[in-house]
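Q: Residue strings, one per chain:
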Amino acid sequence: MSDTAADPATVIDPSAVHRLARSVSRGANELRAEESALRAMPALSDSSAAGPALREFAGLCVRAAEILAGSAAQLATTTHDSASLWCTIDRAAGGR
Amino acid sequence: MTAPFCDPPDDPETVTQALRVAGQAAGRLHEQSRLIRQVGSELPAAWRGPTAAVAVTELAAVASLLNDAAGTLRAGSAALAEYRAALAQAAPVIDALRSRYGEVVQDRELRSAQAVAPLSRGAPAEMRAARTDPVAEQAQPELDALTDRFGAVTADLRAAAHRLAGKLAAAADALHVAGAPTPLGVTQRFAGALPVWGAPVAERAARDAAAAAESGLPPDQLRQRLQQFSGWADVPAFGRAFLHDVGPERFAALLARPVQALYGDPDPPGLAAAFALLGRILAAGTRVDPDRAWLGSLVHTMPDNLRIGLGLALRHGRYGADALEALIPPLLAHPGDPGIWIQRPVGDPLVGAMSALAGNPVAARRILADRDRLTVLLHRRWAEDGGRSLGFALAAAAAGDPPDLLFEPVVDAVGADPDALPAGAATGLGQFLGANIEAVNQSLPNDQDVPLPHLGPGRRLDHRVRLARTLFAAMHSREGSAAIYAHQAAYAGAVISRGHSLEAELDGVAENYGRLAGIHQRAIVDLADRADAADETGANADTWISMAQFAAGLIPVTAGPVAGLVKGQVIGSAAAKLEDELYRKPLERRTKARHAAAGKLIDRELAASEQFSAQLIERAYPKGAPAPFGDLTFRTVLHQAGQAGQNDVTRVLLPDRAPG
Chain V
3 MSDTAADPAT VIDPSAVHRL ARSVSRGANE LRAEESALRA MPALSDSSAA
53 GPALREFAGL CVRAAEILAG SAAQLATTTH DSASLWCTID RAAGGR
Chain E
1359 MTAPFCDPPD DPETVTQALR VAGQAAGRLH EQSRLIRQVG SELPAAWRGP
1409 TAAVAVTELA AVASLLNDAA GTLRAGSAAL AEYRAALAQA APVIDALRSR
1459 YGEVVQDREL RSAQAVAPLS RGAPAEMRAA RTDPVAEQAQ PELDALTDRF
1509 GAVTADLRAA AHRLAGKLAA AADALHVAGA PTPLGVTQRF AGALPVWGAP
1559 VAERAARDAA AAAESGLPPD QLRQRLQQFS GWADVPAFGR AFLHDVGPER
1609 FAALLARPVQ ALYGDPDPPG LAAAFALLGR ILAAGTRVDP DRAWLGSLVH
1659 TMPDNLRIGL GLALRHGRYG ADALEALIPP LLAHPGDPGI WIQRPVGDPL
1709 VGAMSALAGN PVAARRILAD RDRLTVLLHR RWAEDGGRSL GFALAAAAAG
1759 DPPDLLFEPV VDAVGADPDA LPAGAATGLG QFLGANIEAV NQSLPNDQDV
1809 PLPHLGPGRR LDHRVRLART LFAAMHSREG SAAIYAHQAA YAGAVISRGH
1859 SLEAELDGVA ENYGRLAGIH QRAIVDLADR ADAADETGAN ADTWISMAQF
1909 AAGLIPVTAG PVAGLVKGQV IGSAAAKLED ELYRKPLERR TKARHAAAGK
1959 LIDRELAASE QFSAQLIERA YPKGAPAPFG DLTFRTVLHQ AGQAGQNDVT
2009 RVLLPDRAPG
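Those protein sequences? They're chains V and E, same order as listed.
Just so you know, this note's numbering puts 91 at position 89 of the first sequence, and the rest follows in order with no gaps.
Just so you know, this note's numbering puts 1689 at position 331 of the second sequence, and the rest follows in order with no gaps.
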């Protein structure tokens, strides 16, 4: 862990943050795969009492998975951007 | 013959696939949740700073949502598994039933054929049937039993499918916010829970909405287009972004332009929804830490249509106190404006302003605390709502702490001239006084003679007299009276439940009941003097009393906790007494008097008609002159004329005036 020159209040370990970013990013991708699987969830017969309920449930699951995947992807980008930025600052500070 | 036992509508394999997908997804989401929690726990050690704090918050929110979603999927998967078990159980049973049914039918047909064979071809059908029946009868009970068994299996499956539907619906409920299970609802739920991700999504929607607002569409199409964003209207991030993107001048135009349609039609289609949408967006976008410069620009100049449009928008949405403090004073600068529609006033900006204050006690207290402003509001014309919104704004102002902040200004302003109180404001004023019941009890006149509400000029109006007059004004409303009595009952209950009350204190509360009742009685008499029969019919005693009882259950008592039993006893006996003494008896007396008066009026009308018709006959057929009819009373003249074929009543009664 190294203190950055740009902001004494901020303490960062760029490599650790990079690892975290990769981990979140991987999670986001897996969630996207999950979303595809949910999208393929078969529906029951229209003449069954449970058919419409299953369709609605599946639709909401897909939507929830989409949103979670979007959120995780956004988070991964944010984390990655910050990590890259602080890496740059760190290198600049170290080089001085 | 094919057995009439069909397979269940759902394929067990389909159910298996669905439950497998849901189960796997649940497992993966749970694992993701665990990993993200782990990542979140490592983050503070690797990265400390403001950006990291946001990331940590977001990680926790994502992990929590993943876990929720996993639980929901698991519940759905378990429900599907139960259903699959029911299907699996049913399948062999149905197969066996079908097989046995086939055997029985085949056997019956075979035996029937053998039984019928010896008969000659020419034998009558009845004879062949008679030979078949015993065989059919032997097989029928078993076929019936098989059919019954199939019915039972089918019913079980149907019940299992309904159970599954219920469980899936409950699981789906966990995934969306209240209301229709729309993707928008789900999006909003997640947008609210995920600050990093949610705000950009809301802002993107706001940009789309702002672009639509700028698109130059015709008004109707623009309204329809903007309604598509209705689901976002209460989201602060959306509101802030929309207001920022559109800018104060354009937003002012959005508010002002549709008002033109109101001049031709007090309720043009779609307009109420348009103002509701704009109001909700304005409220959401300015609720917390509003952009004061933006708000200042919006109300910098206030042409009529903008004031009306802003007033209509203020009737919708939940506004923050700071926003209302910026928006309402410029509206109050034109207090005399009663609306734009003469016959049916609509769009009074101050009705909108007061409606917004009724929803925000903090702003209501800040804005109504100004005595001059209060006096102007109490004396202006409220053509649109009779002052109801003003009353509710006053009631809201009493909801803060301390509740009596506005007590003196309101009592001074109303008590100085109770007749000037707009009739519609009495209900809200009653709620205001109810919320200030402790102050009312401390200030009620302590002499036995409750002061008359109408005092002559020149007499000094001290605070106690003004309070009596204010109570008198409020008690012109049944709901207002109910609120005051209900608070009084709760206050009395609180005094009693303290357990160490002084007798003098209890006596004081009891006496105050009497004083309130005396003022109320005067209000009822005053109201009855002004009311017509329809108003009195509407004054339903049961409703009135039940409202008092209902209100009593909702009142927070500052003096201490109120035991439910005591409060119930107090309000019950008080309500019964009040109903009897103050409502039913006076009403009955007045009803009898009215009936008597009405009877006299009818008698007078009848006498006058008879006198008039007699004069007509006398004029047409003077005494001594030859008369065409034997009996010269009004009815018999008309009857005899009709029998003689003279159906023109004018010619019979006014022969000298009839044409021709």
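There may be inaccurate statements among the hints.
As the list claims (entries may be wrong) - Below, computed lysine to any residue pairings styled on SDA-like, alpha-carbon distance capped at 20 Å:
1) K1525/E to P54/V
2) K1525/E to E32/V
3) K1525/E to D1365/E
To be verified - Listed next, with one range per pair, are the computed distances between beta-carbon atoms:
4) T79/V to A1418/E: 39 to 47 Å
5) Y1621/E to S38/V: 51 to 59 Å
6) R34/V to G1509/E: 42 to 50 Å
7) T1374/E to N31/V: 23 to 31 Å
Read the hints as simulated data drawn from the structure, not as lab findings.
We put the beta carbon where it would ideally sit given N, CA and C, even for glycine.
Q: Confirm or reject each hint.
A: Going through the hints against the structure:
For the given pair, K1525/E sits about 12 Å from P54/V by alpha-carbon distance, which is consistent with the 20 Å threshold. Using a Cα cut-off of 20 Å, the hinted pair K1525/E and E32/V is violated, with the two alpha carbons roughly 27 Å apart. The suggested pairing of K1525/E with D1365/E is violated, with an alpha-carbon distance near 24 Å, which exceeds 20 Å. With their beta carbons about 18 Å apart, T79/V and A1418/E fall outside the hinted range of 39 to 47 Å.
Checked against the hint of 51 to 59 Å, the pair Y1621/E and S38/V passes, with Cβ atoms roughly 56 Å apart. For the pair R34/V and G1509/E, the beta carbons lie near 47 Å from each other, so the given range of 42 to 50 Å is met. Evaluation of the 23 to 31 Å hint for T1374/E and N31/V yields a pass: the beta carbon distance comes to about 27 Å.
Hint violations for this structure: numbers 2, 3 and 4, all remaining hints satisfied.
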